[in-house]
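Asker: Sequence:
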Amino acid sequence: MTLDRLDRRLLNLIQNHFPVVPEPYQELAKILGTTEEEVLARLQKLMEKGIIRRLGPIFDSSKLGYSGTLCAVRVPSEKVREVAEVINSFPGVTHNYLRNHTYNMWFTLLAESPEKLQAVLEEIKERTGITDILNLPAQKVFKIRVNFPLEDDRSVGRFR
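So the number in the numbering used here is just where the residue sits in the sequence shown, counting from 1, plus 814.
Treat the hints as calculated values from the structure; they're not laboratory data. Virtual Cβ for every residue (Gly too), placed ideally from N, Cα, C. Certain hints may be false.
[Stated by the list, open to error] Below, computed lysine-lysine pairings styled on DSS-like, alpha-carbon distance capped at 30 angstroms:
1. K930 to K954
2. K893 to K930
3. K877 to K930
4. K939 to K954
[As the list claims (entries may be wrong)] Label-pair ranges, simulated between beta-carbon atoms:
5. V955 to L912: 20 to 26 angstroms
6. Q840 to V894: 41 to 47 angstroms
7. G847 to E937: 50 to 56 angstroms
8. R941 to E851: 41 to 47 angstroms
9. R867 to Y917: 21 to 27 angstroms
All chains should be modelled from the sequences, with the hints used to inform the complete structure.
Answerer: Dropping the structure here:
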């Protein structure tokens, strides 16, 4: 898919300056000199083409009282799909991916408390029959911000 200038400007805005207002898409349209309908149509197209995977906020879960961990699981290759379906059925699972490693399935899990987190891990073990799950809570939090500037567009407004 070829991105035109409006697509690139829109992508820059939603990465760095998404407006936190009652009607954000209308505000984006105003900044871009187009209509809300055009902004929504372009975002839909960008999502359908896989250019945008997710559009939403990122919260500091620990400041909201949640506990999180990274887990590594040793899953036999013939059970990968089945185990992934069980793990992904929990609303606190934010990522789940395969790695070329003895522990071949890795996922992140958030829960309302350390006790709830442990209860979910126990339920995963029970439902999958796999007991070899490494629970690797963060010792130090690093927040990595990744932006993909698509053009130098100083005409795009900044939200404060």
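Asker: All hints, please: hold or fail.
Answerer: Against the structure, the hints come out as follows:
With a C-alpha separation of about 21 angstroms, the suggested pair K930 and K954 falls inside the 30 angstroms cut-off, and the hint holds. Simply put, K893 and K930 have alpha-carbon atoms about 25 angstroms apart, close enough for the 30 angstroms limit, and the pair holds. Distance check on the hinted pair: K877 and K930 sit about 17 angstroms apart at the alpha-carbon level, within 30 angstroms; holds. Between the alpha carbons of K939 and K954 the distance comes to roughly 27 angstroms, so the proposed pair stays at or under 30 angstroms and holds.
About 25 angstroms separates the C-beta atoms of V955 and L912, a value consistent with the hinted range of 20 to 26 angstroms. Judged by the Cβ atoms, the range 41 to 47 angstroms given for Q840 and V894 holds: they are separated by roughly 44 angstroms. For G847 and E937, the hinted distance range of 50 to 56 angstroms is satisfied, since their beta carbons lie about 51 angstroms from each other. R941 and E851 have their C-beta atoms about 45 angstroms apart, which keeps the hinted 41 to 47 angstroms range intact.
The hinted window of 21 to 27 angstroms between R867 and Y917 holds, with their beta carbons roughly 25 angstroms apart.
The structure agrees with every numbered hint stated previously.
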